[in-house]
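Take the sequence shown: its position 222, counted from the start at 1, is 222 in our numbering, and no numbers get skipped.
Derived from the structure by calculation, the hints contain no laboratory data. Certain hints may be false.
Taking lysine-lysine pairs in the DSSO-like style, the calculated list, with each CA pair at most 30 Å apart, reads [claimed, not checked]: (1) Lys-232 with Lys-217; (2) Lys-152 with Lys-225; (3) Lys-76 with Lys-57; (4) Lys-51 with Lys-202.
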Amino acid sequence: MKFSIGGSLKLAFRPWVEGLENIPAEGPAILASNHLSFSDSFFLPAVLDRKVTFIAKAEYFTSPGLKGKLTAAFFKGVGQLPVDRSGARGAGEAAIKSGIEVIERGELFGIYPEGTRSPDGRLYRGKPGGLARVALATGAPVIPVAMIDTEKIQPPGKVVPKLMRPGIRIGKPLDFSRYQGMDGDRFILRSVTDEVMYEIMKLSGQEYVDIYATAAKRQMADAEKAAKEAAKHAAAEAREARSAETEPAAPEGDAAAGAPDADGTGAAH
Numbered sequence: 001m002k003f004s005i006g007g008s009l010k011l012a013f014r015p016w017v018e019g020l021e022n023i024p025a026e027g028p029a030i031l032a033s034n035h036l037s038f039s040d041s042f043f044l045p046a047v048l049d050r051k052v053t054f055i056a057k058a059e060y061f062t063s064p065g066l067k068g069k070l071t072a073a074f075f076k077g078v079g080q081l082p083v084d085r086s087g088a089r090g091a092g093e094a095a096i097k098s099g100i101e102v103i104e105r106g107e108l109f110g111i112y113p114e115g116t117r118s119p120d121g122r123l124y125r126g127k128p129g130g131l132a133r134v135a136l137a138t139g140a141p142v143i144p145v146a147m148i149d150t151e152k153i154q155p156p157g158k159v160v161p162k163l164m165r166p167g168i169r170i171g172k173p174l175d176f177s178r179y180q181g182m183d184g185d186r187f188i189l190r191s192v193t194d195e196v197m198y199e200i201m202k203l204s205g206q207e208y209v210d211i212y213a214t215a216a217k218r219q220m221a222d223a224e225k226a227a228k229e230a231a232k233h234a235a236a237e238a239r240e241a242r243s244a245e246t247e248p249a250a251p252e253g254d255a256a257a258g259a260p261d262a263d264g265t266g267a268a269h
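Using the sequences and the hints, build the whole thing.
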């Protein structure tokens, strides 16, 4: 996959890279990256000599039919691990377990602390579970990574990608060994995560938003729904107004003829 897809990506898009010297030639490390595009998991491994293992939702590996089998083979080929997201803490615990296993094999583990792709290109608050707990449980260094402009290559709804040069900035390794054994302290987990997100922000130049990306997506979806409802209501009111303007008025004589007499019968005397 590195020679086929990776080589094709580098040839077609010519991604530029800064900080390759910060990736260790051997030994475990955690690559913590911002997440702008589906292609982030392909561009980053493509520019590295070493294999990077990411986690992916289990649905990519269990879909039925020929398409499902091809999808599963593809994700396995690019080094992604399935994570069952069922249960309240299913995804988090599975991600931590997978990350620790990768680190214990002496490999590179890739993770997106935001937990999902950015909905608008800004950098969102990191989730303190997976990244910090894997780092503190293993003592592996955390290397901040910034993907640049990958969201512009294939925006949502676009089938054909735009040929342009994305960028990758790789920061210096962060050592959290001073916190090792404290992975049960939520304040320590938050502190570690925030420190990593700050370094990613400096590398990427993104505007930082201190809420989770999942919450931002819900707010955007609610706002879009409200806007659609408001537009639908306004259109209905406009139709009613046009209908009232074009409806002909009844002649005065007809109105008088149909009016009731004093006795209320409307009959002639």
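Taking the hints in turn, this is what the structure says about them:
1. Lys-232 with Lys-217: Holds - the C-alpha atoms of Lys-217 and Lys-232 are around 22 Å apart, at most 30 Å.
2. Lys-152 with Lys-225: Roughly 25 Å between the alpha carbons, so the hint for Lys-152 and Lys-225 holds.
3. Lys-76 with Lys-57: holds, 12 Å
4. Lys-51 with Lys-202: holds, 26 Å
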